[in-house]
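**Q** Here is what each chain is made of, one letter per residue.
Protein chains: 2
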Amino acid sequence: MSLFKRTHTCGDLRLQDANKKVLLVGWVHRVRNLGSLVFVDLRDRFGITQVLFDPKQCSEQVYTTAKNLRAEFVIQVEGVCSKKLTANPNLSTGEIEIIASAINVLSEADVPPLPIADDTMEVNEELRLQYRYLDMRKGPILNNLVVRHKAMQSTRNFLSNDGFIEVATPNFGKSTPEGARDYLVPSRVHPGHFYALPQSPQMFKQLLMIAGLDRYFQIAACFRDEDLRADRQPEFHQIDVEMSFGTTEELFPIIEKLVSRVFKETMNVEISAPFVRMTYADCMDIYGCDKPDIRYGMKLKNISHIAEKITFPPIQDVLKASGIVKGFCIEKGADLSRKALDELNAFAGQFGFKGLAWIKKTAEGYTSSLAKYMAPEVMDAVSTAFKMEIGDCALILAGNKKPVNQALDHLRRKVAKERGLVDPKKFACLWVTDFPLFAWNEEDGRLESEHHPFTSPNFEDMHLIESDPLSVRSSSYDLVINGYECASGSQRIHDSRLQEKIFSILGLSAQSCKERFGFFVEALRYGTPPHLGIALGFDRLVMLLCGAENIRDVIAFPKNAKARDLMQEAPSPVPQDQLDMLHIRVRH
Amino acid sequence: MSLFKRTHTCGDLRLQDANKKVLLVGWVHRVRNLGSLVFVDLRDRFGITQVLFDPKQCSEQVYTTAKNLRAEFVIQVEGVCSKKLTANPNLSTGEIEIIASAINVLSEADVPPLPIADDTMEVNEELRLQYRYLDMRKGPILNNLVVRHKAMQSTRNFLSNDGFIEVATPNFGKSTPEGARDYLVPSRVHPGHFYALPQSPQMFKQLLMIAGLDRYFQIAACFRDEDLRADRQPEFHQIDVEMSFGTTEELFPIIEKLVSRVFKETMNVEISAPFVRMTYADCMDIYGCDKPDIRYGMKLKNISHIAEKITFPPIQDVLKASGIVKGFCIEKGADLSRKALDELNAFAGQFGFKGLAWIKKTAEGYTSSLAKYMAPEVMDAVSTAFKMEIGDCALILAGNKKPVNQALDHLRRKVAKERGLVDPKKFACLWVTDFPLFAWNEEDGRLESEHHPFTSPNFEDMHLIESDPLSVRSSSYDLVINGYECASGSQRIHDSRLQEKIFSILGLSAQSCKERFGFFVEALRYGTPPHLGIALGFDRLVMLLCGAENIRDVIAFPKNAKARDLMQEAPSPVPQDQLDMLHIRVRH
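Chain order of the listed sequences is A and B.
Going by this note's numbering, the first residue of the first sequence is number 424, and it counts up by one from there.
Going by this note's numbering, the first residue of the second sequence is number 424, and it counts up by one from there.
Fair warning: there could be bad hints in the mix.
Copies of one chain are not kept apart here, so a pair can be met inside one copy or by any two copies together.
Below, simulated EDC-like cross-link-like pairs (lysine to aspartate or glutamate); rule was C-alpha separation at most 20 Å, straight line [to be verified]:
(1) K825 to E866
(2) K573 to D585
(3) K490 to E549
(4) K428 to E673
(5) K561 to D435
(6) K428 to D585
No wet-lab data here; the hints were simulated from the structure.
Bound-form chain A, shown alone (with noise of 0.2 Å):
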């Protein structure tokens, strides 16, 4: 046998290819030890191919082999494809099984801390980070690693025929605090100055239109120390994308195309474009949050001039106190038990509120949790506002306007997911735009960028910059999928003056913009032409596609949610002569 050469992999053969002489290699997934014959499952990322050990049919040395294998050997092995008198239809390969002659030990292996083919076994994830090589050989991790590479490929084919340049910027950067912490990296030849790794390549993008590159693209690493959640990870990649000239009427256009490219080719899922667009003010309005999920209805309802006639005290109060009252209707809710509706008003609950209230329509009448605070004519009134049919049912909170919208966001989510009306297999892509520039900081007391600092205001709002910052739009945008954020972006300020002026009023002092961001006011001057881009998320895309709950699923090698290694024990202490050479020592 040529040494360690295949003809097929395990998932090739079919019975088209009976009598073929093949060579096979692969990982013993299931040894059947028949006594007069041997069956081996041989795996490969491929797919699994059944071979048969007769010692009718092959030496007794390679019998003898083929008795002491065990699983997760690395073999190879030579044979005759034949047709399988009982085709196993669970597997491609099904059909066919190879008659073996020969038979080469590649690796022997020692039995494994997790189970392989075992499907059933339910293994703690520590483990599986811990020996993640393993855990990939189950299947699904390396699937999605599968898609990842394709959705990449996607991505830089699409973005590179349409001029787009791919750039990487570097990973040593100077820390300018703000927003996520930076890693920060010590620095050898310079004693007591640190490299800061990028949170993201912004102002070098913003460096390569002013340079005039005109269109660049990057799939980029980019690192925040952030405290970890299920979804994050300190490394993550973004799609990152910046074009000179045009506005949004040119991107937008190539981003619903580049994601439908990518859902197609990775996935042979169709999306339509163009996709929805919605102001932040209306989407807030009509889904109480700023990444809806569209692929429902229950669209929110403000009914506050309705409920002034609602004779229920706490709802009097909330209208007093400039609150609302907001609901929405789930067609078909009337069969909602008494037991739903309690489990979603402890729900509720947990956003703050006392109660919530529910309205059914039935072919006998209405009946609801304010029943005696409500006229007939005033339920009719609340009724027509949400569109009501026989058979549906709306909820109803009342407070001030933020709780009232994040918690009814969270109720729609929830009642969607429960009554089935999520269907996994649509995706549903919206832009939400005009994002306020601003957002006010309750625990330092200043303004802060709602986006970042570069992003640029919407000229129309520029009279109300110094006078009423907070109801300055910006020219923002994300685009929003599934109720997830998977791209955020903006016009770009390209005049350095007014930004100048936007750091003056996010409170920055002339001598900590000029440490800062120096450089970058400075480039601003000598010539930059209008720019705008775009970054998504590209793990969050990719756990899309393969329908992951979880951002590890997609990701090779991750972190667990303490930001470590468990397979390399990373991070880990130094000799303290590695420390004494970065000019640092660490501090007890």
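Knowing the structure of chain A, use the given hints to seat chain B on it.
**A** Just chain B, lined up with the frame of chain A:
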């Protein structure tokens, strides 16, 4: 005019576009105000287009705006594409000009600190790096970045089509000090612990093979804290490839096709494959080095056996001390002047040689620096050994093998360069194979890996591994292009016991081995497929493609020779509270 829009780039328009109404955007490259007419050269990455502002053909306001333009303003121009009376043959758009009817100044510009339109002015590199984004506007670096992008695309498409899956391996790994220094990242969550940035994804890619991925690649960022030289940067990129099953017979053709494809698709250069193969031993013999430029001849010849008859005492001393006499023949080299030979002699002196001997063969007979020490038949024998023709000149050195090889290698390169023997349009690729497995580290008095500790020995030499390790060849290979090492790879060890033995021969204690590579050696135990791989220096490859002599010219935002980013001013000091959070302090 539609905001920020263009109908064409500044490199698009040709004679056949005459009479079209067009919108262009770009930078003012030059303005010539002729009093009654204003000519503007409008520039973008794609070209330069001449724009004419004629007060008879545009409003006064437009004309006044045009008169006040200065270099590097960003403008939008509307006008009609028209045939020029006198074409400019230096521009691809030179047959047309735009008769402007409207103008929109999108950005003004201060006078830039380095000239952009003036190619003749030398600008020092520090200033160029500080204003990288302006230096890019001059063209060459942007063009290199476009070539780099094409090379990336070409690589990815080729490998993807060949079944390789691109996987991003982690940037936060474990410090396993060896070879170059690690860059470290202090952990906030785990006080006193550090991540290391990857020097290469070596272990990860091998783990992906153990995981069953079958074929992997990545254009990977790698980090080494080395002292910088002209061709080094703290971070660099490599095309990292690994495949399971198969040997160099499978891998070499893939890499040959990859390299040919990249040269073809980026520079339209044909590279002939298969590449020449040569063992390390032969290579040292014939070229005196392991990365020869084989675009030209002048192969080295050991003439020690003839030199026994040369009566020059220093040569006799060398031979007695087991030294060698070696040289090469320069075709038509008899025209080398005494001055030129003196210069070569001085050059050899830099490598510790007191004298470079030479022999010229002319129609009148031999002339030689060794004439009086060589009998006519000895002269003939040497001439025959070097295959000298009339008009040739041989250069000869005597000494210990290593310095003789080193000096002859450099002499050969120098002679080739000076005599114009190097065809800059030719790309000659060479596989150098069978490197020694170990090298002797004089300083530490111990064996070290020539390639890296995961390299498989050549199994023919396994019996020598303990008795004579320095004579053991490895299953490793370099790809040399035009005298530069462009790639390096090997068959990997896939047997955990052999891997442990290699670590022990390298003098790693069981404890140290466990701490640094324990998880990896364990991984080898669970069924590791035979696998091999290679890493191509991507920056070096792009340098060859672009004909660049400095690595900084093929990187968007490079560091200077002291690892500083002069544009951002990184690395930099950071506030104490940031270090406090990371549990470190600067050691003064």
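**Q** Please list, smallest to largest, the hint numbers that this structure does not respect.
**A** 3
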